[in-house]
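Below, each chain spelled out in residue letters.
2 protein chains.
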Amino acid sequence: MTFINDTSRSSRAQVRPLALENVKLSGFMSRYNDLMRTTTLISQYESLESTGRIDNFKRASGKIEGAFKGYFFNDSDVYKWIEAASYALIDNDDPELSEKLRSIITEIGDAQSAGSDGYLNTYFTFEKEAQRWTDFKNMHEFYCAGHLIHAAIANRRSTGEEELFNVALRLADHLVKTFNKEEREATTGHPELEMALVELYRETGNREYLHLATRLIDNRGKGLAGADQYRIDHIPFRQLQELTGHAVRMLYLCSGAADIFLETGDETLLAVLDRLWNDLVTKKMYITGGVGSRHAGEAFGEAYELPNRRAYSETCAAIANVFWNWRMYMISGDGKYLDVLERALYNGVLPGISLDGLKYFYVNPLEDRGTHKRKDWYDCACCPTNIIRVLTAFGGYMYGLTLDEVRVNLYEDSRALIPFRDGEISIVQKTGYPNDGNVELVVSTELDMQFSIMLRIPEWASEDFELQVDGIKQKLKAEKGFVRLTDNWKGKTSILLELPMNINMITSNPLVRENTDKIAIERGPLVYCAEEEDNEGFDVWTLSVPLKRGYDVRILEELPGEPAAITGKGIAYDLDDWRNALYKPLGVTRSKGKNVRFTLIPYYAWNNRENSAMCIWLHIH
Amino acid sequence: MTFINDTSRSSRAQVRPLALENVKLSGFMSRYNDLMRTTTLISQYESLESTGRIDNFKRASGKIEGAFKGYFFNDSDVYKWIEAASYALIDNDDPELSEKLRSIITEIGDAQSAGSDGYLNTYFTFEKEAQRWTDFKNMHEFYCAGHLIHAAIANRRSTGEEELFNVALRLADHLVKTFNKEEREATTGHPELEMALVELYRETGNREYLHLATRLIDNRGKGLAGADQYRIDHIPFRQLQELTGHAVRMLYLCSGAADIFLETGDETLLAVLDRLWNDLVTKKMYITGGVGSRHAGEAFGEAYELPNRRAYSETCAAIANVFWNWRMYMISGDGKYLDVLERALYNGVLPGISLDGLKYFYVNPLEDRGTHKRKDWYDCACCPTNIIRVLTAFGGYMYGLTLDEVRVNLYEDSRALIPFRDGEISIVQKTGYPNDGNVELVVSTELDMQFSIMLRIPEWASEDFELQVDGIKQKLKAEKGFVRLTDNWKGKTSILLELPMNINMITSNPLVRENTDKIAIERGPLVYCAEEEDNEGFDVWTLSVPLKRGYDVRILEELPGEPAAITGKGIAYDLDDWRNALYKPLGVTRSKGKNVRFTLIPYYAWNNRENSAMCIWLHIH
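From first to last, the protein sequence lines are chains A and B. So in our numbering, spot 427 of the first sequence is number 427, and the numbers just go up one at a time. Count along the second sequence from 1, then add 621; that gives the number in our numbering.
Calculated directly from the structure, the hints in this document are not laboratory data. Keep in mind that this is a model prediction, so the values were computed, not measured. Don't be surprised by glycine CBs; every beta carbon is placed ideally from N, CA and C. Worth double-checking, as some hints may not be accurate.
To be verified - Some but not every residue of chain B turned toward chain A, in silico, with C-beta under 7 Å:
{"#": "1", "residue": "Thr-903"}
{"#": "2", "residue": "Ala-917"}
{"#": "3", "residue": "Pro-1121"}
{"#": "4", "residue": "Asn-1123"}
{"#": "5", "residue": "Ile-1127"}
{"#": "6", "residue": "Asn-1130"}
{"#": "7", "residue": "Asp-1138"}
{"#": "8", "residue": "Trp-1199"}
{"#": "9", "residue": "Leu-1203"}
{"#": "10", "residue": "Lys-1205"}
Could you put the whole structure together from the sequences, leaning on the hints where they help?
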């Protein structure tokens, strides 16, 4: 069974996930799921081939000649594709994709077999063999190893096949043999392997993997990976007071530390994670759930440094934010982590891929003049291959289980068959979420016993959601992001949850100075933006929206997935007086603006037509 | 005579400057002038010595052994120091500084004499000799040569001595011999040499130097310097539509092209310069006159991309802005260029050096949380050594001359003795400018003829300046930034100019979205900021100042130079509700704020006490 993380035996996991096989999607996210299998995975495979990423393995096994192609970390893209393809093939018999997957796995195995010690990285072959494990700071050997392990676990869990898994085991054992000894200290220049080793421990029970993961964390700040802040190697992990350095590295590191805590219960790690998470949500996260304020170093900025136009907000960093918050949720059972996860997923990850599944954003600005363009592929393709493994895994995040609880973490039109105690529970969700807030859940089970069904109440709904069980209104308050329904559920029960899909106006901490006197509009879990394409005759950057209501919602049928747009009457500044000036004395030319009709679209749907200006934070009047 | 630029024979110079020797400062800028000679130049000399920059010359001449130290462009810092020291020694008999200057010049000459062909760059010596002139893109041989030529010209003009000048001539002739032939095309990876070669042409009359400068410009966009936008080598110079790439490179290039236009009258160059200058002032310049919006690449951003907190605004780029606008003024005689020059000088260059002359800023943010710190020196010391050559040269920018005009470009308590036609004119300025707007000019001359005295009227004063000549009010309008007084000035005349020192509230183009609903306060030519040090009990980032007047001015006696502060009653947001949140629904916690007394100081004076938060753009109510 394909668990995103198999925390069923993790001593500190309050919640464990449901396997991917147990959930069938049929709503908003199922469109992405299908798109991955039918379009994105195929197109990405072509890119992996045409850019030499697959040839690099053939070269390593001696099948072809020539030079290594591309970046030294390009193996990882192939591994991430395998992870996603493995998820996508669950319950979907797709001969073309299966064949591609099988053939890549063979190439990977052959590349490893060219050597005798289990080492595998196609960059460090032939003339570069002597340089293996000599540069933790700059080279991504650990990082690529981690992605191979993740791919292999996903492939084994979803197919039951051992071929790639055995390759990963050989590499992991090579790692253990090389680095699980006192005289050979190591840490990661780009964290990732920590998560992978813990998952491999979960898969095998071999404590050597957990031990190595722990050593990688314990060894930070000793200068083994450059001693710099960029790689978060400037101080020991436990001394970190704030999120800093390269955003993806930082949050992968937090995710790995959370995984280790889940297994070891080392409270000194949790203390750091709590501190850093507070730093995230009170000082360093975009409203989109994206992180990384600086282009220079793809890095976290200082507190409240959240530039909109020059946001870096790498798609991979939003994905890392999903990973980390997922683990914090498994640790605590607290819905506040799912709030961040959901925010990052819909508004930080989804904008990273076009609605047709063929183009990507690496950088995700919160406002733009129409110059930021999606690309088919990137030389550094970390984001495209990261998106696919998250979107194909969505079902695995939807439910959480404890001994006496079934938790609905995320809403999506879907059917789930949940193994529980010695029976099973079926939950059918009927909903247009995230565009609609009504969720009908039909719970069916033969289990004749009391247990709780817990429904997540997102923070934005906590004051005014409504709930009926078999037509009877329930007056319940959400606690830690969930309402608990405890009952004997034998038979069939209909639960109706109404999450209020209001137009919510969000303000920003005054220390984020560029957002003062502006608001962002959210509806449900979605952050909205104004894009020039929908707003003719004025500049969306000057749009001011009314504080008093008067907004309508309409479906944008011309866009794939038919996102729900928000419309209304606003004011746009007149720019005519400003064509030839940057600065003017106050009062001389203060524009009153003109009345306009505006349309806002979900941020995830932006830049799917012509390039045009866009902004999330809007003026108000 | 020490002309900053000797455009007296330049065919397209409408205005030529007065020599440094003809002006004696005694006001605001004289404090900096004295500081340079007594403190900054001495302290920088020690840094040049202790960092091996002087030893590099001794090594090149074989006097000492060891490796080259520091960056490959470190020679340029020594040259810039020489240029500044040469200016500083005019009319100031300073044996210590003179001795240092003489000894460095000897070392430079000896380093050149170690070879036979006039080449001089201490990095490309011994084992690196074979690499000379092989990498225009990355190495700064042309750049260092340019600074040597500037230093040599300044030294010759101010002392009459030929030693360093002959060194520069030998190098220049080596350049001409190497690159003024069709089969050896070249351009500069870091423009600077263009300006230097034109000035050397002005100094010698040798057209080979002008020819080479022209070739360097004409060769851009051919890939000789990397073909990238960063080095502005992606397209030919004449095809540039906007300011782009590395800010200092871009504006040095514009300055060089302006110099070439001054000599050749090539209108195709002026067309580019006009276009780029409009781009500067309507889309890409900070209110401080600083430029360069991006840390990544120290580069220009897109139109209206002017982040305050992450402004790069390198001190050198503001200096380049002074150079370029000075040349545009000489070309056109239009005061609008002096407005930018003055803005950049007081608000872009001056903040780059501490009030005690011992610390520097390389990067100049327009708002900060108290983390940005001045340094004693930088490994890449371009800014410190650039500041000194501008501040020691201030007097050379003060006056402009044409055949029948004496133009007062800049105001400063001072005495000038101006050679004019076959006589001379004395102008004594009595003024507290830039802190005070009253300027009394006493004009004395024996010349018995009609000519114009033109007084610059800064744009901020153009509507309400007042003017008296010998006690009689003059009703005149400024044209192209100047009022013209035409008369026979024989004898002694008193002119009283009153520039209105109002508190001016400046707004920003609405497309600079982070400045919307905010103002900047200017008084005279100075941009003001709120610094935490002067504002206890509230966070200056939340300060809102009143639109209606009610401001006072008081002198800050505790700071060197005694800047004029602005005080008033404002409102500061309450941040208590925001300690633990980045985003909140509107209305739930909108803070009313509390009444506070605020103090604003000139931006040039910030960060001269403890590090503390600062911002230029302020909320209003």
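Verification of the hints:
no., hint, in the structure
1, Thr-903, "holds (5 Å)"
2, Ala-917, "holds (4 Å)"
3, Pro-1121, "violated (12 Å)"
4, Asn-1123, "violated (9 Å)"
5, Ile-1127, "holds (5 Å)"
6, Asn-1130, "holds (5 Å)"
7, Asp-1138, "holds (4 Å)"
8, Trp-1199, "holds (5 Å)"
9, Leu-1203, "holds (5 Å)"
10, Lys-1205, "holds (6 Å)"
The structure is inconsistent with the numbered hints 3, 4, although it conforms to all the rest.
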